[in-house]
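Take a look at the letters that make up each chain.
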Amino acid sequence: GESVGLHLPTLSVQEGDNSIINCAYSNSASDYFIWYKQESGKGPQFIIDIRSNMDKRQGQRVTVLLNKTVKHLSLQIAATQPGDSAVYFCAENMVTTDSWGKLQFGAGTQVVVTP
Amino acid sequence: NAGVTQTPKFRVLKTGQSMTLLCAQDMNHEYMYWYRQDPGMGLRLIHYSVGEGTTAKGEVPDGYNVSRLKKQNFLLGLESAAPSQTSVYFCASSNRGTNTEAFFGQGTRLTVV
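If you're matching them up, the sequences are chains L and U in order.
Residues in the first sequence are numbered from 51 upward in steps of one, following the working numbering.
Residues in the second sequence are numbered from 58 upward in steps of one, following the working numbering.
Rather than coming from a laboratory, the hints here were simulated on the basis of the structure.
Don't take every hint at face value.
[What the hints assert, rightly or not] Computed list of lysine-lysine pairs in DSBU-like fashion (alpha-carbon distance at most 30 Å, straight line): (1) L:152 <-> L:106; (2) L:92 <-> U:128; (3) U:66 <-> U:128; (4) L:121 <-> L:152; (5) L:152 <-> U:114; (6) U:71 <-> L:92; (7) L:106 <-> L:118; (8) U:114 <-> U:71; (9) U:127 <-> U:114; (10) L:121 <-> L:106; (11) L:92 <-> L:152; (12) L:106 <-> L:92; (13) U:114 <-> U:66; (14) L:92 <-> U:114; (15) U:66 <-> L:92; (16) L:152 <-> U:127; (17) U:114 <-> L:121; (18) U:66 <-> L:152; (19) U:128 <-> L:152; (20) L:92 <-> U:127; (21) U:114 <-> U:128; (22) L:118 <-> L:152; (23) U:127 <-> U:66.
Please take these sequences and the hints and turn them into a complete structure.
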């Protein structure tokens, strides 16, 4: 989910359930797509990335899915825990003319884990 | 291992004052960045550097200047602060070739009154 106005979309998840966070991206030329997690009062932290020539990548308790046809990215978190409560950002890595990839962040989704 | 360290953590400025935000990384990363984060707008790139002595403009560079005199340090300057620059500022660094994984500092909360 991308935000509208000043309020982040919020995903409320019960502890132990799976979470799915969605993101629409804009640039079909992006080389990588990335997920970051930001806990309250902290800087963003890298979770996982996926190259544009892949459609699925798995990490520890997380899976990222990429659907290039509809420019959609999702992050699945298995067995959501209280420590997963945070704002999740998707980002695109757009390769520039000097071959450096600039990270373009989305507005974020707030995940709230309830007991 | 400290990672990315930003100073100060909080600051209140009056309109028209100047200040410099300091960023230091101890991971020998080539790339460094300054972002600002405003409610509902994610992170927007202000300036970045792909190596010592080089800097470039990002998405929202106006009103800011930067310098990278040493590889481990990236300074962000506000010459004449404006209320629109009230924000949380994040510094980040990454390795050449793996720059999808950026390491962020804890942020500097700046208020301009």
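Here is how each hint holds up against the structure:
Simply put, residue 152 of chain L and residue 106 of chain L have alpha-carbon atoms about 22 Å apart, close enough for the 30 Å limit, and the pair holds. Under the criterion of a C-alpha separation no larger than 30 Å, the hint pairing residue 92 of chain L with residue 128 of chain U is consistent with the structure, at around 24 Å. For a cut-off of 30 Å, the pair hint linking residue 66 of chain U to residue 128 of chain U stands: about 22 Å separates their Cα positions. For the hint linking residue 121 of chain L to residue 152 of chain L, the alpha-carbon distance of about 18 Å falls within 30 Å, and the restraint holds.
Proposed proximity of residue 152 of chain L and residue 114 of chain U is supported: the alpha carbons are some 11 Å apart, at most 30 Å. This hinted pair checks out: residue 71 of chain U and residue 92 of chain L have alpha carbons roughly 25 Å apart, not beyond 30 Å. With a C-alpha separation of about 11 Å, the suggested pairing of residue 106 of chain L with residue 118 of chain L holds against the 30 Å cut-off. At most 30 Å may separate the alpha-carbon atoms for a hinted pair to count; residue 114 of chain U and residue 71 of chain U meet this at roughly 25 Å.
Our distance criterion of 30 Å between C-alpha atoms is met by residue 127 of chain U and residue 114 of chain U, whose separation comes to about 18 Å. With a C-alpha separation of about 14 Å, the suggested pair residue 121 of chain L and residue 106 of chain L falls inside the 30 Å cut-off, and the hint holds. Between residue 92 of chain L and residue 152 of chain L the CA atoms are separated by roughly 22 Å; this keeps the pair inside 30 Å, and the hint holds. Between the alpha carbons of residue 106 of chain L and residue 92 of chain L the distance comes to roughly 28 Å, so the proposed pair stays at or under 30 Å and holds.
With a C-alpha separation of about 24 Å, the suggested pairing of residue 114 of chain U with residue 66 of chain U holds against the 30 Å cut-off. With a CA separation close to 25 Å, the supplied pair residue 92 of chain L and residue 114 of chain U stays within the 30 Å bound. For the proposed pair residue 66 of chain U and residue 92 of chain L, the alpha carbon gap of about 11 Å is at most 30 Å, so the pair holds. Our distance criterion of 30 Å between C-alpha atoms is met by residue 152 of chain L and residue 127 of chain U, whose separation comes to about 21 Å.
Proximity of residue 114 of chain U to residue 121 of chain L is assessed by CA-CA distance (about 27 Å); at most 30 Å being required, the pair is judged to hold. Pair hint residue 66 of chain U plus residue 152 of chain L holds up; C-alpha atoms about 25 Å apart against a cutoff of 30 Å. Of the pairs offered as hints, the one joining residue 128 of chain U and residue 152 of chain L holds, with about 19 Å between alpha carbons and a cut-off of 30 Å not exceeded. Note on residue 92 of chain L and residue 127 of chain U: the hinted pairing holds, with a Cα-Cα distance of about 25 Å set against a maximum of 30 Å.
Restraint check for residue 114 of chain U and residue 128 of chain U: the C-alpha separation of about 18 Å stays at or below 30 Å, so the hint holds. Of the pairs offered as hints, the one joining residue 118 of chain L and residue 152 of chain L holds, with about 19 Å between alpha carbons and a cut-off of 30 Å not exceeded. This hinted pair checks out: residue 127 of chain U and residue 66 of chain U have alpha carbons roughly 22 Å apart, not beyond 30 Å.
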